[in-house]
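Participant: Chains as they are written, first to last, in full-length UniProt numbering: chain A, 1 to 267; chain B, 1 to 333.
Honestly, I wouldn't trust all of these hints.
[As the list claims (entries may be wrong)] Far from chain B, by Cβ distances over 10 Å, these chain A residues were calculated:
no. : residue
1   : SER31
2   : GLN124
3   : LEU241
4   : VAL244
5   : ILE249
[Said to hold, decoys possible] Simulated coverage check for chain B against chain A, where a stretch passes if three residues somewhere in it have a Cβ under 8 Å from a Cβ of chain A:
no. : stretch
6   : 220-231
7   : 261-275
Keep in mind that the hints were calculated from the coordinates and are not lab data.
Glycine included, each C-beta is placed from N, C-alpha and C at the ideal position.
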Amino acid sequence: MMQVEPSPTLATDALDLSYGTRRVIASLGVSLPSGQVTAIVGPNGCGKSTLLSGLARLHKPDKGAVLLSGEDIQRLPGRELARKLALLPQEAVAPEGLTVSELIRFGRQPHQGWLRQWSAEDQQVVEHALHAAGLEALAERPLEALSGGQRQRAWIAMTIAQQTPLLLLDEPTSALDLGHQIEVFELVRHLASQGRTVVMVLHDLASACRYADYLIALNDGQIVAQGAPAAIVTPALVRALYQVDCTLITDPDTGSPLLANVRRACS
Amino acid sequence: MPIRVAHQRTQMTLLLTALVAVSLVSLLVGAGEVGPLRSLAALAGTQDSDASFVVWQLRAPRTLIGIAVGMALGVAGALLQAVSRNPLAEPGLLGVSAGAAFAVALTLVMGASAATLRISVAQLGALVGCLCVLSVTRVRGVGSDPVRLVLAGAAFSGLLGSLTSLMLLYDQRAADEIRFWVIGSLAGRRLDDLAAMLPSMLVAAVAVVLMARPLAALALGERAASGLGHHPGLIRWCVVACVALLVGGATAMAGPIAFVGLVVPFVARAMAGPDIRRTLWFCLSIGPLMVLAADMIARVAVAPSELPIGVLTALCGAPVLVAVVRARRLPSL
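If we strip away everything but chain B, and leave its shape as in the complex, we get:
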């Protein structure tokens, strides 16, 4: 055990260093004309109003939001996987993000303006999506087979996605307002969006800390967890609420981004071992790392235009999905 802990401390230090480095680079590079050197000068405080506008008003919020979205999606993925005991349970794949996006699109079509109630509507949508998914796991035969759950989730996601597209097809104004948002992107987000998201993240963080011990015990099975004095049903409801807060918030800021909730806990588990309490800590650094890295590539790969970030997370997530399915250790989570 001490060996594992010491090893993990080193890994954690490396991850945090990498995160600081990636955040810094994220301030320096972009699709526009302000290159790394000018950005660095602006960071150092030279009078270059263009560059400092780009760095402080565009890239800094974008970086912070990327960090928040990464944390939220990584942690939500780990939580969802812990309660469904399914390493493939991922908010993006299972329709939780799609539920959030659908709810936002629906309110837009019904006349609301995008910014105001986006977060709470998205969270509500995520909650409904989450409940649909988990009730599917209750259906005989589906819950015990991780792959079938993902199939059900994919079908649900697809359905909501096409309904969302259909609504936007009929409503030009809504379509203009959220065209970029609906494919998932960190471009053009403002700090206000992040500020609106923070309370939810705090609430979820407190809830997760309070639930840490029973959540870990749930890995031994519901009956064993009950035997240790926990209430698995209650824990499941709290987790669903947290996932809805986190995924809804993240989706409201950045649109539906798939695979982050799959890849991040997968990597975190490989580093942290089977205890969800350690896994969650690792998710907090790996999530932002993945989102920021994907966002940077999205900015520079086809400069001067940008790729949607979801394309890159999918590129990185699909192989992980295949690897998890092929590893044949699914039921043991």
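Just chain A, same shape as in the assembly:
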């Protein structure tokens, strides 16, 4: 069993994020539930990836702050933040020839230092990450020889090796077919079951409903709804977000909302 320290809380306080003069996230305050899987959903261009970048300190806020256990992340040293919060960027690319285990070893960098080079513990963590992601057999394969799902699991394994209580994933399944998506989502659920807080940006509302404990629905840089999928997803919300009409039914096996008869909204 992998050791994960008790989850620190991640929240934003009146957060403003912009690109140049264009304000993408405006005065957003949200608290992400610890130990759960949160999905940020919303239409293209609603600011969901920007919000995730802000949470990971890749995007400096104009105003407001991202708070990690109450402390402004802008004040944390990079390595310390990287020991608490791991990020998988969208469409991450590795140099050609890099093997799965070499990629995962990068995850140990925040734990290494001048006096602390590669250790037996690092090796053990890498092996554990390989195991958690089900990639033992592929450890020495170059990434380009893997399927899309395996490759994405390898990247997630790198963030597992970071041993952070918080994990941010930017559209982890966007380029994957259904089978490979399930591979990734099941891994994400497995990680959350060990006590990690996972935040992912998803463009697919259906999988967000199925795999997330908590949804944050974003439109135009504002939160329009947040809560458990079964509690907040309504035809009205779906319409507000995506301009489509649908009928909602309940998945008989999981109890999560399912979108049926999705069609363009007639205005």
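Once you have looked at the hints, place chain B on chain A.
Facilitator: Then chain B, alone, in the frame of chain A:
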């Protein structure tokens, strides 16, 4: 992994052996009258004042400088390629060397004498060249296309080159002083030049060692590197400074030599795999190997006169350039 490491150890041993051999041969052959046998005798300690002068005062400094220049250009090429994520980024092609040469020519025309401040001026020129090139990569569309970056660099290099020639055309004294230098050559360098260059090389070496880990992470992309706790912007500035120190120093000693920074990392990557930390070690032996080999051919090919070394590195570099472009794996670096 252990297989790869063991394999690389063998390769490294072979490379170092080759380097020792080439350095030795570099002491033995030359364009002049002192042939290999006389040189060998002088090395062994016979009383042959002509031969020992040639071997110890001319060829030994030349060999050492060749080693330093090869290391500097090879490592600078690998660094520049790592931060621009472009396997074609090469100091000679992108105008970094041309910037250094231009700066030196400019100070000469303005009245300075060649030897005194050549290194720092060249480094300053290289720094400006480097910044120009990297700001071009920031322009939309250019940074994402490796070939366009090289085109921009070539245009920049050409511009600086012609400005340099123009200045020398108008200033006879400067032209005499650096005529040989401006085409790139290891001939007639003294150990003092090398001694002046060593501090810069040391500083760059320390910086590279300190940056090794984040530099490797940068290969995963800026966002992933930030996610691992690094500061890509800071790393980029440090790399630019190192490249300027190394290329400026190398150019001050040997003139602008193109393609070494392209070929050496290319070969090193093929041997070392994708991790820049291993690639840099290989560059340290492959760089001197290439420069010394080119210099030796430059000495003997048209003896008793000499070819400029840049001609030979280009002969060897142009096919590599074509190969890299044709391999179609450019964006994956």
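Participant: Would the least Cβ to Cβ distance between VAL244(A) and chain B come out above 10 Å?
Facilitator: holds, 31 Å
Participant: How about the stretch 220-231 of chain B: do at least three of its residues have a C-beta closer than 8 Å to a C-beta of chain A?
Facilitator: Check passed, 10 qualifying residues.
Participant: Determine whether the non-interface label on GLN124(A) survives the test: each CB of chain B must be over 10 Å from its CB.
Facilitator: holds, 16 Å
Participant: Please confirm whether SER31(A) is truly not at the interface, meaning its C-beta sits more than 10 Å away from all C-beta atoms of chain B.
Facilitator: holds, 22 Å
Participant: Taking the minimum C-beta separation from ILE249(A) to chain B, is that value above 10 Å?
Facilitator: Consistent with the label, ILE249(A) stays out of reach of chain B, its closest Cβ about 38 Å off (over 10 Å).
Participant: Check, residue by residue, whether the stretch 261-275 of chain B contains three or more positions whose beta-carbon lies closer than 8 Å to a beta-carbon of chain A, and give the verdict.
Facilitator: It holds: at least three residues are needed, and the stretch 261-275 of chain B offers 3 whose Cβ sits within less than 8 Å of chain A.
Participant: Hey, does LEU241(A) actually stay past 10 Å from chain B on C-beta?
Facilitator: Non-interface label on LEU241(A) holds, nearest chain B Cβ at 26 Å vs cutoff 10 Å.
The structure fails none of the hints (numbered hints given earlier).
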